[in-house]
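Assemble the whole structure, with the sequences as input and the hints as a guide.
Now for the letters of each chain:
There are 2 protein chains.
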Amino acid sequence: MTKIAAIIGGGVIGGGWAARFLLNGWDVQVFDPDPEAKRKIGEVLDNARRSYPGLMDRGVPAEGQLTYHATMPEAVAGAVWIQESVPERLELKQKVYQALQAACDPDAVIGSSTSGFKPSELQSCATRGNQILVCHPFNPVYLLPLVEVVGTDQNDESMITRASDILTSVGMYPLRVRKEIDAHIADRFLEAVWREALWLINDGIATTEEIDNAIRYGFGLRWAQMGLFETYRVAGGEAGMRHFMAQFGPALEWPWTKLMDTPPFTEDLVDAIANQSDEQSGHHSIRELERIRDKNLVGIMRALKAQDWGAGALLNAAEQSPGPVDTSGLVETVRRVVPLDWTDYNGHMNEARYLQAFGDATDRFMEIVGCDAAYIASGGSYFTAETHIRHVDEVHAGHEIRVETYCAQGAGKKMQLFHQMFSGDLLLATGEHLLIHVDLNTRQSSVPGDAVAAKLGSIADAHAKLDPPQGMGRAVGVK
Amino acid sequence: MTKIAAIIGGGVIGGGWAARFLLNGWDVQVFDPDPEAKRKIGEVLDNARRSYPGLMDRGVPAEGQLTYHATMPEAVAGAVWIQESVPERLELKQKVYQALQAACDPDAVIGSSTSGFKPSELQSCATRGNQILVCHPFNPVYLLPLVEVVGTDQNDESMITRASDILTSVGMYPLRVRKEIDAHIADRFLEAVWREALWLINDGIATTEEIDNAIRYGFGLRWAQMGLFETYRVAGGEAGMRHFMAQFGPALEWPWTKLMDTPPFTEDLVDAIANQSDEQSGHHSIRELERIRDKNLVGIMRALKAQDWGAGALLNAAEQSPGPVDTSGLVETVRRVVPLDWTDYNGHMNEARYLQAFGDATDRFMEIVGCDAAYIASGGSYFTAETHIRHVDEVHAGHEIRVETYCAQGAGKKMQLFHQMFSGDLLLATGEHLLIHVDLNTRQSSVPGDAVAAKLGSIADAHAKLDPPQGMGRAVGVK
Chain Z
15 MTKIAAIIGG GVIGGGWAAR FLLNGWDVQV FDPDPEAKRK IGEVLDNARR SYPGLMDRGV
75 PAEGQLTYHA TMPEAVAGAV WIQESVPERL ELKQKVYQAL QAACDPDAVI GSSTSGFKPS
135 ELQSCATRGN QILVCHPFNP VYLLPLVEVV GTDQNDESMI TRASDILTSV GMYPLRVRKE
195 IDAHIADRFL EAVWREALWL INDGIATTEE IDNAIRYGFG LRWAQMGLFE TYRVAGGEAG
255 MRHFMAQFGP ALEWPWTKLM DTPPFTEDLV DAIANQSDEQ SGHHSIRELE RIRDKNLVGI
315 MRALKAQDWG AGALLNAAEQ SPGPVDTSGL VETVRRVVPL DWTDYNGHMN EARYLQAFGD
375 ATDRFMEIVG CDAAYIASGG SYFTAETHIR HVDEVHAGHE IRVETYCAQG AGKKMQLFHQ
435 MFSGDLLLAT GEHLLIHVDL NTRQSSVPGD AVAAKLGSIA DAHAKLDPPQ GMGRAVGVK
Chain A
15 MTKIAAIIGG GVIGGGWAAR FLLNGWDVQV FDPDPEAKRK IGEVLDNARR SYPGLMDRGV
75 PAEGQLTYHA TMPEAVAGAV WIQESVPERL ELKQKVYQAL QAACDPDAVI GSSTSGFKPS
135 ELQSCATRGN QILVCHPFNP VYLLPLVEVV GTDQNDESMI TRASDILTSV GMYPLRVRKE
195 IDAHIADRFL EAVWREALWL INDGIATTEE IDNAIRYGFG LRWAQMGLFE TYRVAGGEAG
255 MRHFMAQFGP ALEWPWTKLM DTPPFTEDLV DAIANQSDEQ SGHHSIRELE RIRDKNLVGI
315 MRALKAQDWG AGALLNAAEQ SPGPVDTSGL VETVRRVVPL DWTDYNGHMN EARYLQAFGD
375 ATDRFMEIVG CDAAYIASGG SYFTAETHIR HVDEVHAGHE IRVETYCAQG AGKKMQLFHQ
435 MFSGDLLLAT GEHLLIHVDL NTRQSSVPGD AVAAKLGSIA DAHAKLDPPQ GMGRAVGVK
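Chains Z and A, in that order, give the protein sequences. When we follow this note's numbering, the leftmost residue of the first sequence carries the number 15, and every step to the right adds one. When we follow this note's numbering, the leftmost residue of the second sequence carries the number 15, and every step to the right adds one.
Keep in mind the hints are simulated off the structure, nothing from the lab. Any given hint might turn out to be false.
Identical chains share a label here; the pair holds if one copy fits it or two copies do between them.
Stated by the list, open to error - Straight-line alpha carbon distances no greater than 30 angstroms define the calculated DSSO-like cross-link-like pairs of lysine-lysine that follow: (1) Lys493 <-> Lys428; (2) Lys493 <-> Lys469; (3) Lys493 <-> Lys479.
In structure tokens, the structure reads:
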């Protein structure tokens with residue numbers, strides 16, 4: 015298949031589509047009369063290039079060619095996908111389709127990014143209704159997989175299948191909407207939440223920030239992985255979805271939202287939901303779903319922790335302050351529990367996480383000798399030059415690990431550390447690390463500041479009086 | 015402060031509270047007349063122990079004592095926090111408060127997990143209204159930080175502050191609700207979405223699974239980190255929140271949801287929202303917020319990818335199949351872009367991620383010699399015994415890296431690999447790894463199967479004819 019996509023209308027959404035196709039190896043031909051279009055699409059592309067390709071562990075295809083065109087016929091020449099993201103005015107969209115259809119391949123898909131119009135409205139003045147579908151994406155289009163695909167009986171099944179296959183091939187999730195409806199599916203939920211939020215602000219109950227916190231510290235974390243019904247299936251416990259609904263059915267008549275026009279809560283509706291939920295999630299027990307949910311939540315929350323944002327920033331704020339340190343003997347530099355997201359499907363700690371724990375131990379040791387955040391901000395730090403890890407035993411998620419650190423060298427530009435990782439008394443691994451002090455401006459080696467040099471030297475002197483730990487100074491495979 | 019919490023009513027919510035306090039070092043005293051309470055709370059605790067402590071990088075306090083008590087007065091003895099999670103029947107809750115208040119410390123906080131009752135209703139027959147607050151958590155209570163704290167004018171400010179401080183000290187986020195309202199804040203959104211979802215199923219527009227996918231592949235990922243208003247602030251672009259509202263204000267009169275009772279969309283309401291949004295997010299530019307959002311999304315999606323769930327499972331399905339491999343020379347075992355979540359605040363790849371990439375290279379090499387998923391499922395695999403990494407140069411997020419692998423040894427139980435990581439022609443790092451073949455049932459070393467041994471041997475023989483790469487066989491610090 016020729017991989018050429020035409021982007022009709024740039025902006026945040028059109029630019030996102032351009033990035034999605036380009037970064038999946040498609041050539042992209044843009045038509046947008048806005049004189050700022052190049053700049054705007056360029057900015058979206060910058061964001062996309064730094065975030066999208068790294069999502070994949072086996073790399074992405076070479077980026078396609080991006081070209082800008084002065085007319086719609088030029089932009090659609092050779093295109094098998096045409097994405098319309100022009101402003102939300104029906105008569106404008108209909109005019110655009112007439113111009114597109116006069117020039118484009120009759121077999122090309124014309125997808126509309128519209129959230130406000132139904133496909134029957136888009137097709138109503140078209141030369142070939144079959145060719146036009148709603149393909150409604152979510153911002154940022156280059157990262158979020160969801161696309162709502164909505165057609166009418168004017169669309170051949172083969173056209174909808176082809177559109178879905180192409181969307182899948184660029185890493186998206188085409189959600190086929192069974193019947194056209196105002197605002198499709200996802201935006202109906204967004205609109206309901208938006209309306210309720212306006213009431214809460216209108217009535218002085220909550221601010222925008224409080225509402226955002228009510229979402230991102232609670233159900234937002236659940237919905238990133240399981241959505242509404244699977245979450246409630248878990249909440250219902252072994253008693254299941256029917257039990258959950260029996261509990262919350264009566265609430266439909268209560269003023270738990272200002273949005274009071276509720277559907278009739280009949281036995282038929284309960285049956286439909288319980289059966290659909292069984293089909294969706296019934297292959298997992300509730301216990302399994304709980305564990306999947308928790309592992310997902312740990313992964314999401316720790317990902318946010320690394321960014322110091324949202325629920326992750328709360329975790330960072332809740333970290334215990336380190337207590338006083340005795341540096342005369344081996345220094346305890348890590349004491350933590352192996353997190354769920356550090357383990358493989360068997361529950362063993364992954365290889366790379368040993369180095370992460372040793373890296374944390376090194377960071378803590380640096381902090382102890384005064385190479386802390388303030389020192390680093392002033393322009394100096396230690397960089398790891400070499401690492402030697404020996405794996406001795408295995409450890410599972412949920413177990414406490416501890417790292418004890420021996421300072422083998424601490425003079426001039428060099429710091430050499432030997433970490434031993436234990437679970438209880440059991441030695442799990444050792445990590446030998448040579449670090450070099452670096453001037454962060456020149457990125458060249460340099461001597462540390464006096465205070466750091468003095469503290470590091472005193473620890474190295476104290477440790478020189480200890481028996482050196484077993485296993486230092488060896489090459490790989492040498493006993 | 016005495017760290018004793020009384021849990022009145024177990025079950026999923028009470029059990030979650032028990033876990034939250036215990037794992038933060040509190041002693042927990044449970045009252046629950048359900049003969050199954052011990053088992054139920056035990057199951058919640060099992061889930062909590064495997065997921066919560068690992069969230070923290072500096073460890074958690076030693077777990078508190080868990081005790082079960084036959085009466086409410088015994089359970090509340092010495093408690094400074096009393097959490098009520100009994101069934102949602104007002105007269106039952108009021109009776110429980112009378113019994114609690116006859117026995118408990120008058121300064122203890124009595125928090126109610128209720129979602130259905132307002133604090134004024136809970137306080138109405140109480141001996142001391144001041145002591146009773148709504149503290150409404152979200153399931154799973156041991157992981158999700160949100161607690162809605164709702165009081166009335168019967169509550170002293172100092173009581174609410176103390177409650178909030180205690181909740182913060184156990185890693186939660188107390189969201190102080192300004193005025194009591196049915197269903198508090200978050201559940202009003204859940205109720206609105208639930209009502210809309212019931213309509214969609216009732217009308218045959220979507221199934222439970224389609225609705226969940228519409229959430230978790232789209233706005234659920236956004237809401238896990240930014241909520242509703244900050245997301246829309248970004249969507250509004252440089253034109254800001256006021257522009258966003260001008261665009262979506264008219265939609266309030268359109269049938270974009272079945273929930274049509276909307277607030278008056280006045281200038282005052284627009285001002286309130288725009289000003290609150292400025293206060294909440296105005297210290298970041300829209301460009302900054304976009305980049306924060308994208309980095310968060312990459313972290314969340316890659317966390318889900320590691321669990322092969324939700325949006326992460328879609329990413330795995332979209333991975334490219336590896337092409338044919340030439341093993342006569344160095345073998346290309348990794349070609350990928352450095353992901354955003356592998357980098358530090360300066361955008362450099364983190365130390366531990368070098369080993370992650372080398373680990374991926376080893377996994378790919380194992381696959382090439384036939385030690386693939388099917389072979390591993392049959393009971394054999396290679397485990398890393400030792401690793402030696404030399405850091406040569408730095409690399410940033412968004413850059414492509416490539417690993418070329420030399421097989422230095424491949425006979426008997428041993429496999430020795432030397433990986434070189436490049437960005438273009440620039441050598442970034444080397445990784446030397448000794449792996450031992452292991453019988454996964456006995457966890458003891460063993461020889462590989464014949465096919466693996468033959469393939470590995472043939473590559474080792476071919477590579478023996480190459481010049482060995484520079485830097486093999488060295489100990490840390492040896493040139």
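Status of the hints after comparison with the structure:
no.: 1; hint: Lys493 <-> Lys428; in the structure: both (26 angstroms within a copy, 14 angstroms between copies)
no.: 2; hint: Lys493 <-> Lys469; in the structure: between (33 angstroms within a copy, 28 angstroms between copies)
no.: 3; hint: Lys493 <-> Lys479; in the structure: both (24 angstroms within a copy, 27 angstroms between copies)
Hint compliance for this structure: no hint is broken.
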